[in-house]
Amino acid sequence: MDDCPSGSSNLNEFETLKTELSELLQKGGMHLHKWCCSGTPNHEPQTFPLDKNSEEVTVKTLGMLWGSSIDTFSYKVTVNTNSSFTKRDVLSGIARIYDPLGLLGPFITKAKILRYL
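1 is the number of the first residue of the sequence shown in this note's numbering; add one for each residue after it.
For the record, the hints were derived by calculation from the structure and aren't laboratory data.
Quantities reported herein were computed from a predicted structural model and do not represent experimental measurements.
The reader is advised that the hints may include incorrect statements.
Only pairs whose alpha carbons sit at most 20 Å apart, straight line, appear in this in silico DMTMM-like list of lysine to aspartate or glutamate [to be verified]: (1) K112 - D89; (2) K60 - D99; (3) K110 - D99; (4) K18 - D71; (5) K27 - E15; (6) K110 - D89; (7) K34 - D71; (8) K34 - E20; (9) K34 - E13; (10) K60 - D71; (11) K76 - D89; (12) K34 - E15; (13) K112 - D99; (14) K76 - D99; (15) K34 - E23.
With the hints as extra help, turn the sequences into a complete structure.
Shown next, in the form of structure tokens:
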């Protein structure tokens with residue numbers, strides 16, 4: 001199993017969701033691990049020993065970076081500073097983008113339009 005982003009209105013709902021998801025995955029022979037939330041759980045640490053709750057946690061999920069303290073998604077971009085900039089460079093850059101959530105769609109579309117100029 002890979003990343004499973006989800007959300008809830010409050011921490012009690014989150015803990016219920018996490019418990020139910022853990023039980024469901026265990027029935028299929030899988031184990032839930034490496035989870036993170038943007039709040040402070042109400043339970044004792046031994047209940048969910050794999051908690052990753054911290055002010056500084058940034059989690060990579062579905063190709064994006066999620067900042068748990070401010071609850072925002074970001075995307076790491078590397079810019080090629082070579083003096084030559086060709087259509088091939090644009091196509092190569094577009095092909096490297098992994099965006100299953102479609103959050104970068106408007107930016108990718110602009111880059112795809114540039115390739116036809």
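Consistency of the hints with the structure:
no.	hint	verdict
1	K112 - D89	12 Å, holds
2	K60 - D99	12 Å, holds
3	K110 - D99	15 Å, holds
4	K18 - D71	18 Å, holds
5	K27 - E15	19 Å, holds
6	K110 - D89	15 Å, holds
7	K34 - D71	17 Å, holds
8	K34 - E20	16 Å, holds
9	K34 - E13	18 Å, holds
10	K60 - D71	13 Å, holds
11	K76 - D89	18 Å, holds
12	K34 - E15	14 Å, holds
13	K112 - D99	15 Å, holds
14	K76 - D99	12 Å, holds
15	K34 - E23	16 Å, holds
This entry satisfies every hint, going by the numbered hints stated previously.
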